[in-house]
Structures are given as structure tokens and as C-alpha cells.
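Chemist: In case you want the letters, here they are:
2 protein chains.
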Amino acid sequence: MPVGLTEQEIERVDELVGTRRKVARGMPLYLSGESFQSLFAIRTGFFKTEVVSEDGREQVTGFQMAGELMGLDGIGTGQHNCDARALEDSEVCVIPFNRLSELSREIDTLQHHFHKVMSREIVRDQSVMMLLGTMRAEERLAAFLVNLSQRFVSRGYSATEFNLRMTREEIGSYLGLKLETVSRGLSRLQDEGLLSVSNKNIRIHKLDDLKKAMSPRC
Amino acid sequence: MPVGLTEQEIERVDELVGTRRKVARGMPLYLSGESFQSLFAIRTGFFKTEVVSEDGREQVTGFQMAGELMGLDGIGTGQHNCDARALEDSEVCVIPFNRLSELSREIDTLQHHFHKVMSREIVRDQSVMMLLGTMRAEERLAAFLVNLSQRFVSRGYSATEFNLRMTREEIGSYLGLKLETVSRGLSRLQDEGLLSVSNKNIRIHKLDDLKKAMSPRC
DNA sequence: ACCGCGCATTGATCAACGTCAATAATGAGC
DNA sequence: GCTCATTATTGACGTTGATCAATGCGCGGT
Numbered sequence: 001m002p003v004g005l006t007e008q009e010i011e012r013v014d015e016l017v018g019t020r021r022k023v024a025r026g027m028p029l030y031l032s033g034e035s036f037q038s039l040f041a042i043r044t045g046f047f048k049t050e051v052v053s054e055d056g057r058e059q060v061t062g063f064q065m066a067g068e069l070m071g072l073d074g075i076g077t078g079q080h081n082c083d084a085r086a087l088e089d090s091e092v093c094v095i096p097f098n099r100l101s102e103l104s105r106e107i108d109t110l111q112h113h114f115h116k117v118m119s120r121e122i123v124r125d126q127s128v129m130m131l132l133g134t135m136r137a138e139e140r141l142a143a144f145l146v147n148l149s150q151r152f153v154s155r156g157y158s159a160t161e162f163n164l165r166m167t168r169e170e171i172g173s174y175l176g177l178k179l180e181t182v183s184r185g186l187s188r189l190q191d192e193g194l195l196s197v198s199n200k201n202i203r204i205h206k207l208d209d210l211k212k213a214m215s216p217r218c
Numbered sequence: 001m002p003v004g005l006t007e008q009e010i011e012r013v014d015e016l017v018g019t020r021r022k023v024a025r026g027m028p029l030y031l032s033g034e035s036f037q038s039l040f041a042i043r044t045g046f047f048k049t050e051v052v053s054e055d056g057r058e059q060v061t062g063f064q065m066a067g068e069l070m071g072l073d074g075i076g077t078g079q080h081n082c083d084a085r086a087l088e089d090s091e092v093c094v095i096p097f098n099r100l101s102e103l104s105r106e107i108d109t110l111q112h113h114f115h116k117v118m119s120r121e122i123v124r125d126q127s128v129m130m131l132l133g134t135m136r137a138e139e140r141l142a143a144f145l146v147n148l149s150q151r152f153v154s155r156g157y158s159a160t161e162f163n164l165r166m167t168r169e170e171i172g173s174y175l176g177l178k179l180e181t182v183s184r185g186l187s188r189l190q191d192e193g194l195l196s197v198s199n200k201n202i203r204i205h206k207l208d209d210l211k212k213a214m215s216p217r218c
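Chains as they are written, first to last, in the working numbering: chain H, 1 to 218; chain Y, 1 to 218.
These are calculated hints, taken from the structure and not from any lab test.
The beta carbon of each residue, even a glycine, is placed where N, CA and C say it ideally should be.
Heads up, a few of these hints could be off.
Said to hold, decoys possible - Among the chain H residues that face chain Y by a calculated CB cut under 7 Å, a handful are:
1. V51
2. D55
3. G67
4. H115
5. V128
Unchecked claim - Per the computed footprint, the stretches of chain Y lying under chain H, defined by three or more beta-carbons under 8 Å from a beta-carbon of chain H, are:
6. 9-16
7. 44-56
Based on the provided sequences and hints, a complete structural model is requested.
Modeler: Here is the structure:
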């Protein structure tokens, strides 16, 4: 993943990425409480991460797609702090964390890259906090769809047509809304002509207006 | 901060912490957009961090007290992504990030400690996401006060009596509530006999019940 | 291909929280 | 110590999104 490495360094980073692991749709990659040993880089597929609080509340904390790194939350305690579950048949690279630590002591580009990835995860979480703390239901939905669109396009897929891999309930959990509110919100965005929804298929007609819909109404 | 270092290592970590800096109440430690150079460890005082979105929305993303580290969000982009502002006259240690990087390549205890701190920040942010996404107003307030209480007690202060350094509006921003709702919530917790509020002074009478108030009603 | 269950949509009602407003209390600065 | 601006409290009312409920649809699994 990092750039600017010598041939030899690239080789060593390659062998760091030990094994691959397939995860069938619905199956966990790891569960909260399990001992943390490795990070996981998604090769193909789609995941959700979910935290469960002591009193039984559940919340989806993120959706991860190809190229993204999972498991960073486990470093602090040595145990995973959330469940990671595949939303479709997926494959990940297993990155043993102690080997990553060693190697990043020798290759400073790798070290720097790793620190940046962690930092960006913090910034991402803070923008979700902002979404949950200040946005209204329809704004949250618009922000969610625009974010997905951007991530798809940066992977070479269409910015304006894609399939949701998650249910309305999972979207709602992520956005701090009930599934009915998600459904109504999508219908409303459709009525406004910004997009078409057919089950999990989304076609965005007016991406600019959808971005505007992230801001407070008129 | 890390433990288990040799004499010599401790010395080197000490000289890593270059200078100290005082920040008067209300003054910024750093602002969003400023070039990121250093992390800051709080020696004394109290801070808030606040993000401002493009469309002008503001949200307090955290309150930091002595011993806590600030600035991690800047590593990813090389620019600070939030404003950090002192809520009372404060003093911080300036930790130049490139020197920390170098030193953590040589002292693996330091490296590991730093990774843990970043990871815990991610976990903390996720628990705030859960608070914002699933809790009701009074539950959020209870969780906020219990969290403050725990952090005070771990610093040797009273778990049951302390002064809030922030306004109702700042609490509300952090908890995704309006200041009136915060005020009403505190009054309600007082009516229920769980605590006494007198402006910024909080006395918790029933810490156990306050913890229970974090869970869904009855 | 079919079946059945999970998922989605939509409506009606309600509670929680936001908004607007008026007043009171505090404390920072002179 | 006084004053004024900031902060906090409380009430009345409005809006948003949750809840409860009923129906329809689609897709995964056999």
C-alpha cells in the first residue's frame, strides 16, 4: 500500500502480508473480545463493523470496502472491540501486527504510512460524530450516499449507480436512525428527483443536489 | 508516559518533549488547517476540541484533561483537522512528531505505547458514536458525567464532586443536544436525587444509580 | 422453479427533543 | 464592589423521528 519503497523494501512488505482468508457472507472476520493478533486488509468484498455495549445496545460503526484496513481498534487493549462481519463473500489479507511493528521500525515510509492510516481513521470517526450530532435524517442519508459514491468512484466504479450491500436496518444503525426513517428518507429523495431507489440498487441522478441535501434545508 | 524503559531510554524520551507552552483560557492551542508539527500532552488544565464542517456546523468532539494527548488527527493530512481551545489556563508539553517517529523506531516500548494511544482514541470515538446514535438525552448526560467522574478519580480527584469547565452549550454540542435539553436533563437528574447541580458544580449522590441511568429507562 | 422468510414500504399516532421566549443568576473585567 | 454580558433555567409550543402496525416484495436456499 505505501509508495516510494525500494525493490527490496517492497519485497519485505509483501512477505509481511502473510496469508489470505476468505469470509463468507454473514460470517465474522473477528468478534469483540477475541484476542487481537492481526490487522486485515480487504482484498475483495464488503464488511460492517459493529459495537455492542454492556447494556445490549448495538451500533454499526462503519462499512469497509476493498483496500481498507480493519482491526485498528484492537491494538489498544489487545482484544478486538467490535465485531467485523462480511456483508458479501469477501477475501482479506492477514497482517500480523507484531511483524508490522517490527518492519515499520526499519522502513520509515511504512511507519509513516501506518500512522497516517490510523490518524485518518480518527478523523473519519470524528466526521461520523458530527453527522450523528448535528444532521437531520435526510441530511445524514445524503451524506451517507455521497460518501459511498466517492469511495466507489475512487475504486473505479460508477459514482452514480451502485448496489447497497447492507440492509435499511444496518444503514439506520450506522446513521442513528430507525429503519423506517431510512426507508422514508430514500423515498423522499426519490420523490425529489435526486435519485432512484429499487431495493438495494441506487441510481443517483443529481449528485450535486444530493451534496446540497447534506446541508440544512433551504 | 510509557513504563518499562531503561534509564537511558527515559532520558531520551525526556529530551523528546521539547518545550512547554502555556495557553490562556479561551485561547487556541491549534486551529483547523494549521500545519501539523507536534503532538501536545496536557500537563495542567482543560481543553475542548471542536470540528467545523464546510457548511458551518460546529461540534465539540471531546474534552481533554491532564495527561491526555492532543493532535493525533493531524498526522494523516499534515494539517490539524479541528480546533483545540483551552477551557481554563493550561500548560502543555510540545512533542515534535518527527522526533517521536524517529525515537519510536529505536525504542519499541515507545512505539508500542504510541500505537496503543492512537488505537484507544479510535475506540473512544466509537463509544461516542454509540452514545450519539443510540442513547436518549438523559442517558447521554448520565454517561457524560460518569465518564468525567472516572477520569477525575483516576487523577486523584473526587469521583463525586467536581466543577464542569465547559458551558451547557459545549456539553450539548458534544452530546448532540441543545443547551436547553442539557439544562433540563441536569435538573431532572437533580429532581430524581441522583446529584446536585449548582451552575458548574456537580455533586453526585448516587453514582451507582447514575450509572444505571445510562441504560434505557425502567 | 418455487417457497418462505427476511426485508422494505407506507400510514397513523405519539413522545422526545428542538425552538422561541422570558427571566434569573453568575462571574469576569473595570 | 458594581456592572454588564454571558450563561443558565424554565415554560409553552412545534417538529422530527420513533413506534406500532399492516402489507407487499424479493431473494436466497433447497
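Chemist: Each hint: holds or not?
Modeler: Now the hints, each set against the structure:
1. V51: Where the cut-off is 7 Å and the nearest Cβ of chain Y is about 6 Å from V51 (chain H), the hint holds.
2. D55: Holds. Min distance 4 Å.
3. G67: violated, 16 Å
4. H115: It holds, given that the least Cβ distance between H115 (chain H) and chain Y is near 5 Å, below 7 Å.
5. V128: holds, 6 Å
6. 9-16: violated (count 0)
7. 44-56: Coverage by chain H holds here, the residue count being 3 at a Cβ distance below 8 Å.
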